[in-house]
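*Asks:* When you get a sec, could you build the whole thing from the sequences and use the hints?
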Amino acid sequence: MQKPATDPLFSTLADATFRAYREAATSLPPDVLRVIDAAAARETNPVALGEFVNIRQNIRIAKELGVPLCQDTGVPVVYLTLPPEVPLTQGLYDAVAEGCRRATREVPLRPNVVDPLTRHNTGDNTGAGMPAIHVRPGKKFTITILPKGAGAENSSRITMLLPTHTYGIEGFVVETMLYAEGKPCPPVFLGVGIGGTFDMAASLAKEALLLPVDTMTDYEQKICDSVNKLGIGPMGQGGDTTALAVKVKTAGCHTASLPVAVNVQCWANRHATREVKW
Amino acid sequence: MVKTAPVQLRTPLGDEILELRAGDRVELSGIVYTARDEAHLRMQKEGIPFDPKGAVIYHCGPVVKDNHILAAGPTTSARMNELSGFLLDAGVRGLIGKGGMGSAVRDQLRGRGVYFAFTGGCAALAASHMRLEGVCFEDLGMAEAIWAIRLERLPLVVGIDYEGNDIFETARKKARAVFLKHFPARST
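These protein sequences, in sequence, are chains P and L. When the letters of the first sequence are read in order and numbered with the numbering used here, they come out as residues 1 to 278. When the letters of the second sequence are read in order and numbered with the numbering used here, they come out as residues 279 to 466.
None of these hints come from the bench; they were simulated from the model. One should not assume that every hint holds.
To be verified - Chain P is faced by these chain L residues, among others (derived, beta-carbon under 10 Å): (1) Q286; (2) P290; (3) G292; (4) V456; (5) F457.
To be verified - Partner residues aside, some chain P positions facing chain L, computed with beta carbon under 7 Å: (6) I158; (7) E175; (8) Q237.
What the hints assert, rightly or not - Derived CB-CB ranges, DEER-like: (9) G380/L to R56/P: 25 to 35 Å; (10) K139/P to N443/L: 49 to 59 Å; (11) R431/L to R42/P: 20 to 30 Å.
No residue lacks a Cβ here, since even glycine has one placed at the ideal position from N, Cα and C.
*Replies:* Following this line, the structure appears as structure tokens:
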């Protein structure tokens, strides 16, 4: 399976995958940190304030020691951007998988990937169709790793609204958190995919989590405020901060459709991007 | 009212826990025992492999490497809703986890125990307050074994007190009322 180390594309991509995975598992992006700090400064509930103290100390310790932020180190979701001179081959998929295996051994990560029916653990976070790799054309050769934990992923939902019911989108997002309560480890980030097709809405929702979270459109802010009125608070223990940000991505859809997907992400909105230089 | 400084507690726990109120912050020191679903089932069958009097159970599947705890955040306690009564009957006085527990456990805690919440996702912070002391049922695997862990001032909040006050239930009731008010069409 593994190509010879002399293949420069294979070894540099595997190495970039490993480094991006390690960074994503042990530290948070600056925009995510800014949003957590700002919410902690605004929070008024004393129990919630204590949760923010723990969260911020945890972030500091994980970064200092280079250990995972959370023992649920997730499953690997990967985004590749390929410039014209890099052809899409099976070798790229193999290199990313090799980087994931190395990260599992060396960071270390918890082996989370199992066969969905037999529940047999593959032991290295690859195999059985994982990692999930999404490829896009671009100017630079980059890899983004988004490790996705189960608590938040399990609280995600999708619906096909009536096309005239655009006003129902906000209610669906808020209802998603009403049902989720403390399970996804709030305060959460909510990626909302609107439009496209059934499958595309879910992809958009996940990609929305990669957008800068320290700015929101008026529409995103309105939904975020509406979620926060629930008062679920950090860990479902009550407080002003249930959602740290709502990010929306849209795509054209059938005139008779309105797909809406909500991908819930815990406060640890982990992701890291590396340029692959070969 | 929430007290300003965290209450210092040490295991095994005694009647000092009757002073605690939901929402109080505490720092817990001493030995605790991790247990998830499989460990609970095994203890029901084969007995509790430690002295349960005043003991504290931590709902956690840690990452352990070379006899060191690397990461040890809480897991979802609700999975243990049907599995906790026998422990409290045997003298366990504290449960630690995330997300709260069901009304049956709330009733089982009444008059004798408390549920502590530790912040979900804070595995590195937890590990920095821990030293590994031992292990039972290791054949269940790393996540499901019972690990005896010595805590040094682990910061927790009282989620459910011995009178049945429950910060999770309070938040849940409020969220439902707010949702009903703002989105009556979605509330059935």
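*Asks:* Name the hints, by number, that the structure is in violation of.
*Replies:* Hints 1, 2, 3, 6 contradicted; others consistent.
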